[in-house]
Amino acid sequence: MSMGFADPFDTLLDLQRSLEATLASDWLQDLTTSRGPFPPINVFQQGDDLLAIIELPGVSKSDLQIQAKENSIRIFGRKAVDYPEESSLHRRERVSGEFDRTLSVPVQIDPDGIKAEYRDGILAVFLPRAESDKPRTIKIT
Amino acid sequence: MASKKELQVAQKRELEKKEETTIPARIFVPNADIYETKDGLNVVLEMPGVDKNSVDVRVEDDVLKVDGKLDFSKYKGLQPVYTEYNIGHFSRSFRLFGKIDQSKIAAELKDGVLSLMLPLAEKAKPRAIQVN
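The listed protein sequences correspond, in order, to chains A and Y. In terms of the UniProt record's numbering, the first sequence opens at residue 1 and continues consecutively. In terms of the UniProt record's numbering, the second sequence opens at residue 1 and continues consecutively.
No lab work stands behind these hints, which were simulated from the structure alone. Honestly, I wouldn't trust all of these hints.
If you want a taste of the chain Y side facing chain A, the calculated C-beta under 8 angstroms gives, among others [claimed, not checked]:
1. N31
2. A32
3. D33
4. I34
5. E36
6. G40
7. V44
8. M47
9. Y75
10. L78
11. Q79
12. Y82
13. E84
14. G88
15. V113
Ideal placement from N, C-alpha and C gives every residue a C-beta, glycine not left out.
Start from the sequences, fold in the hints, and give me the full structure.
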């Protein structure tokens with residue numbers, strides 16, 4: 001048997017193969033949305049304004065708070081996941097506990113015009129752009 | 001040659017495609033809890049923003065299957081700036097132990113949480129074993 005120097009790229013390739021094998025195996029099963037930051041956020045642009053859609057399934061409105069600053073909003077609160085007494089747990093994927101996320105946006109927000117609605121486990125926050133921050137067309141004379 | 005009606009249907013589909021949001025859609029897997037009480041199995045799945053008419057729950061050959069679609073058509077026309085979560089179809093299957101009384105399965109979707117109550121059939125209910 002001949003022996004030589006180990007190729008550093010072999011180590012990387014082995015790592016990649018191991019990772020792919022792990023993902024392909026049944027051990028992890030399907031990837032769920034519990035990975036990553038909580039709560040997940042989507043941001044849409046609506047003309048000059050922004051609309052933030054935040055996934056908060058099973059959260060009570062009373063456990064939810066929103067704070068706004070010039071160019072950021074903070075969403076924080078508590079998500080409770082309860083099980084009946086004397087129940088035995090087979091699988092637990094739902095995350096419970098306190099959450100706190102701040103979303104920074106590249107525009108100035110009008111804090112007085114912010115509107116929020118919680119429905120079907122989705123928090124929709126309308127973020128109007130401040131008048132002073134809106135682009136103005138300059139007339140060339 | 002396509003008939004006038006077929007052309008109209010094709011045009012409508014094209015229009016619907018254009019109106020869809022540009023967020024990439026893919027199959028996603030909702031988080032699930034499964035717990036057992038003396039009455040049966042409880043399966044709880046998180047599906048925020050999903051309409052109850054877009055969810056299909058079936059039990060076939062001791063497999064519980066939950067399929068559906070997160071419809072984001074109400075946000076059509078809006079320009080996505082930043083996206084973190086999946087939009088589109090979802091699917092999740094669970095192999096059930098014991099026999100389920102399918103006639104008594106109850107489902108409720110509230111605040112983006114689907115709760116399924118699957119009562120065990122009489123024969124499958126747990127029995128206390130006496131230790132001699």
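### Query
Does A32 (chain Y) pass the interface check with chain A, least Cβ-Cβ distance below 8 angstroms?
With Cβ-Cβ at 5 angstroms, under 8 angstroms, it holds.
### Query
Can the hint on I34 (chain Y) be confirmed by a CB-to-CB distance to chain A that is less than 8 angstroms?
holds, 4 angstroms
### Query
Going by Cβ atoms only, is Y82 (chain Y) closer than 8 angstroms to chain A?
holds, 4 angstroms
### Task
Report holds or violated for the interface hint on N31 (chain Y), using the least CB-CB distance to chain A and a cut-off of 8 angstroms.
holds, 4 angstroms
### Task
With a cut-off of 8 angstroms on the beta carbons, see whether Y75 (chain Y) makes it to chain A.
Holds - the Cβ of Y75 (chain Y) comes within 8 angstroms of chain A, reaching about 6 angstroms at its closest.
### Query
Once the shortest beta carbon distance from E36 (chain Y) to chain A is found, is it less than 8 angstroms?
Constraint on E36 (chain Y) satisfied, holds at 5 angstroms.
### Task
May I ask you to test the interface hint for L78 (chain Y) with respect to chain A, counting a Cβ-Cβ separation under 8 angstroms as satisfied?
L78 (chain Y) check passes; min Cβ-Cβ to chain A is 4 angstroms, inside 8 angstroms.
### Restraint check, 8 angstroms cut-off on beta carbons, for V113 (chain Y) near chain A
holds, 4 angstroms
### Query
Would the stated hint for E84 (chain Y) survive a check requiring a Cβ distance to chain A of less than 8 angstroms?
E84 (chain Y) check passes; min Cβ-Cβ to chain A is 4 angstroms, inside 8 angstroms.
### Query
Does D33 (chain Y) pass the interface check with chain A, least Cβ-Cβ distance below 8 angstroms?
holds, 5 angstroms
### Query
Does G40 (chain Y) pass the interface check with chain A, least Cβ-Cβ distance below 8 angstroms?
violated, 11 angstroms
### Given hint M47 (chain Y) near chain A, where the shortest CB pair must fall under 8 angstroms
holds, 7 angstroms
Hints 6, 14, counting from the list given before, are not met by this structure.
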